[in-house]
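Participant: If you want the building blocks of each chain, they are given just below.
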Amino acid sequence: MNIKSGFPLPFAKRYGKDLYAGALIFLFGIGAISAGITYNIGSLSRMGPGFFPVAVGAILVLVGLAIAFTSKRPDVHAEAKEHLPPEWRGWICIAAGVLAFVVLGKYGGLLPATFAIVFISALGDRQNNVKDALILALGMCVICTVVFWWALQLQFPLFTWG
Amino acid sequence: MIEQSLLNLMQGFGVALQPHNLMWSFFGVLIGNLIGVLPGMGALSAISMLLPLTYTMHPVPAILMLAGIFYGSQYGGAIGAILLNLPCHPPHAVTCLDGYPMTLAGKGGTALGITMISSFFAASVGIIVMIFASPLLVSIAFKFGPTELFSIMLLGLLAGGTMSKGSALKGVAMTAMGLLIGIAGTDVNSGVMRLTFGLPELSDKVELVALALGLFGVAEFLRNVNRMQVIGSGTKVRLRDMRPSIAELKQSFMPMVRGTAIGTLFGAMPGTGPTITTFIAYALEKKISKTPDRFGHGALEGVAAPEASSHSKTQVDFIPTMSLGIPGDAVMALILGALLIQGIQPGPQLISEHADLFWGLIASFWIGNVLLVILNVPLIGIWVKLLRVPYRYLYPSALFFIAVGVYSTNNSLFEVGEVLVFGIAGAIFAALDFHVAPILLGYVLGPMVEEYFRRALLLSHGNMMVFVTRPISATFVACSALLVLLQVFFWARGSFTKRNTERRLREQRASSERLPQ
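Chains as they are written, first to last, in numbering that gives the first Met the number 0: chain A, 0 to 161; chain B, 0 to 516.
Just chain B, same shape as in the assembly:
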């Protein structure tokens, strides 16, 4: 099987290196990097803004370009996080902790260089895992019926809701909201219009681009207007500064490997977002470090490990997205949505039916990562300048690009209105401490979850036990139950320890008040 995989990979390189495809991949990386660098714009807004462009393209270049945009913007986000302490893409929040202090200490270039090296290393490992694990997973996936697919989607949705960030209950609420938005429109089985508020424009489902740009574009502008203070850090990063010394390379090598391992492990789990992965990688480095005090004051390990983990996680995340049709996080949900729009149903058949697409994508990951390195060497100076674009010029222009982008998907002004509705809703949710990313996950999976649930119960004549009597499905259901129990356990323990610390604090305060007398 390994020889077959290698042979396929060679073929994939053939596809990805076709000048036409290579050009789109390059274009994606460049534009992704450009948008990712702009303050307040992350991978999600970059992909959703450029998604309409891919509608008219062939599936292969379209996906290659989207993947390029993705890691371009991810790297662009790291630049903002390290140089300006601005985490535009949530996983970079951890990078800020040590990356920004490094900038303050005049080592910003080194931090960027290490970021680039660790992301390239981690992505390469992730790709290798992908090459060997995907065919394996596919052979299992062929045994999946609607029952199993429903159970694994349930697990993915639960994990996506509870393990992303913030309160688990709120994550579940957002996931369910996404499911609801996903099923709005015409029911495929009966033709009934559901949740359309009598609007004929909604009969053809809510537009993916409108939802994504509303939640991650307009909502962000609403949250940040007059609040985002971009102060140019005044750092000048030259090519020379980006080259880390041998000692620094040695210092960051093991954290890089550990970060990659954590990312790979979590990537295999559907639904766990990249943010949680980076936090775990950071915490691990801090735990095993001999000098944990350095963390938060510019420790190189604190940049290398989280960046490596998020990149390997991202690569491995493509496995469940492509072979099972279950995205790991909101970005993967967008890519899955793009595949569906192209008429490609991700699933175990994808690798055999669209071999050129799958292996071309894998090959393009490598090419894209090389392109990223080559691009950033001469362009880093420009990116640093772009970081200083004032927000007051940026958001009106971005708003226009969003409006035109959404219009161009279906030449419909109604969908521009949808963007506004989702934008305001997203901002309100965010103000109430919800994290909106699970909505997208729920939206993409909603129709599939319903379909598999219906089919599974149709086959079992309405017997709910079918989800626990079939072994594969039972495993996923057990995992979901475990996840819920763990959350309840943490919650109970959390409120217990909180009460304890409060008591201890009170006692301490009381005793310290007594002391001076």
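Isolated chain A, as found in the complex:
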């Protein structure tokens, strides 16, 4: 099996996605149980706040194990068409855009936040250049001012400091 063909692929290819999926669910289950036992579990007739999280956590642990153990090696012939590299640029830009909205919304106001989320996330697409993103962001700023600030009277100042 070719190990050099891109970072996460041979990994996933070798063990199958299901193993990781199962492990993830298993971990969530463990997390729920460990959080649940810190609250009061109580008894069946008088349940405490911890009972339900522990029960759901136990289900997650079991299901996670079941997913992991029933995972099969993926069919090499069927997998061949789905080899897409992870889209880091898109992911980073979208995440950064939303974060910028949160931060600038607090320390800048609605307009800077709007501009930032549209501009930054638009750069995530490889076909968009800075000019496209700029025009789109400015256009959304206008829409935002008219629709949300003026028409819908959103409780969000256009500009603010802290």
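Read the hints as simulated data drawn from the structure, not as lab findings.
Note that CB positions come from ideal geometry on N, CA and C, so glycine has one too.
Hints are supplied without guarantee of correctness; some may be wrong.
Simulated crosslink set (BS3-like; lysine-lysine; CA at most 25 Å straight-line) [said to hold, decoys possible]:
(1) B/Lys286 <-> B/Lys249
(2) A/Lys130 <-> B/Lys384
(3) B/Lys204 <-> B/Lys249
(4) B/Lys249 <-> B/Lys289
(5) B/Lys285 <-> A/Lys105
Using C-beta positions, here's what the derived DEER-type ranges look like [unchecked claim]:
(6) B/Glu200 <-> A/Val141: 25 to 35 Å
(7) A/Leu64 <-> B/Ala429: 17 to 27 Å
(8) A/Ile91 <-> B/Leu484: 41 to 51 Å
Dock chain B against chain A, hints included.
Facilitator: Chain B in isolation, oriented as in the chain A frame:
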């Protein structure tokens, strides 16, 4: 009882036809259709984006508008599926199979016309079933105590997890994740903060809109950015093309009826999603067709039956959602969430306590479907143009609308952050072949499931047998057990037949290698 229902329905029309309510219904259908048509946006993202708008409205127009958004976006999704082979709402994946080949053959307009006719027909049947079945169900539902409610919710959750799409185990895992997210926040009985990671903002539960927009909005953008290639099909659909001929109408009439019947049947079952219904309707048509080869190459029946089944299923789905408080799929879960936010507890009392809402909603279904037909006749040209909005402009703008929409629910920037967290989580889950829709089902039902479970065991002094000794509850538990057993059976048979076919393939290959020599 039937006369009473009809009388109530008349009253409902009175409510729904009030200019104020009619306007919101119209607005919902228009906006829903608009958003549904945009590539990559489905009914779920449309409803969750507009949910914040309804918070300040009265319950009746709010629900009328949401229902309008729902079928508007559903129909909009069908346009994308037929003309561009883009299934934005999972149930339309089946419509693509034959709808897109019809477009390629220059019959896209006819396919759209048939879709409209079958959805209107199916919705009407579904509404009639709703009118007569709801009071009946309510009279049974009054016998439900916490034990029964827990059992039926268990069945709904199991069915929602196992029967939606993909691996059943993964569906169950997602449902359980949803339950967990649903109970995060302050425990109503003890006041303990649970699963809040020490964040005071989370003490008031995870925001429904943030969860839905994260899972179905941001996660979709993360999955599709730089991947979604929207190529305008160049089809021009005119009004004239949408009118099917008499022969085509005849050809699609029986599939329409059968699709409607399947949808109605499945709608009554809590937890079965619309996707599975459309697949069954399609498979049935293919099975009983005299010329099964045509399917997948533009068979009209392959468009009419699944569309009819998904629309009748949707209508009938409102029955368990409204009268028991148990949503059939993620969209219904959203509508249920909206009702809860409005302070309306769905359940058997809803029909008697909020008669104007319930019957107004039913009447508005009809009005909304008529509005949909009227709207789409002149606007179809615009929708077709909208289909070509490049994804690179679409998703940044949509991201902004999501951020502002979430902010406006509680004027909280923290919840905008929640959207990002759920978006990334949803994209990771989707990358691992999970289907995230059951999360929403679990989230809405989570607190109720816990509450009924606690109450049932409090009343029985901790005796778990109470779930199988009470007859109604025992029926639901038996159904759940049957469901699990069936899944295990299919899984076992599946791995068996797979091994068999693999062996046969190997033998075949071996023999074919031998042949040429």
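Participant: Each hint needs a verdict: does it hold in this structure or not?
Facilitator: Structure-based check of each hint:
The straight-line distance between the Cα atoms of B/Lys286 and B/Lys249 is roughly 19 Å, inside the 25 Å bound, and the hint therefore holds. For the hint pairing A/Lys130 with B/Lys384, the CA-to-CA distance comes to about 24 Å; that is within 25 Å, so the pair holds. For the proposed pair B/Lys204 and B/Lys249, the alpha carbon gap of about 52 Å is over 25 Å, so the pair is violated. Between the alpha carbons of B/Lys249 and B/Lys289 the distance comes to roughly 16 Å, so the proposed pair stays at or under 25 Å and holds.
For the suggested pair B/Lys285 and A/Lys105, the alpha carbons sit about 57 Å apart, so the restraint of at most 25 Å is broken. As the Cβ distance of B/Glu200 to A/Val141 is approximately 31 Å, the hint placing it in 25 to 35 Å holds. About 22 Å separates the C-beta atoms of A/Leu64 and B/Ala429, a value consistent with the hinted range of 17 to 27 Å. In this structure the hint that A/Ile91 and B/Leu484 lie 41 to 51 Å apart at CB holds, the actual value being about 46 Å.
Against the hints set out earlier in the document, violations occur for numbers 3 and 5.
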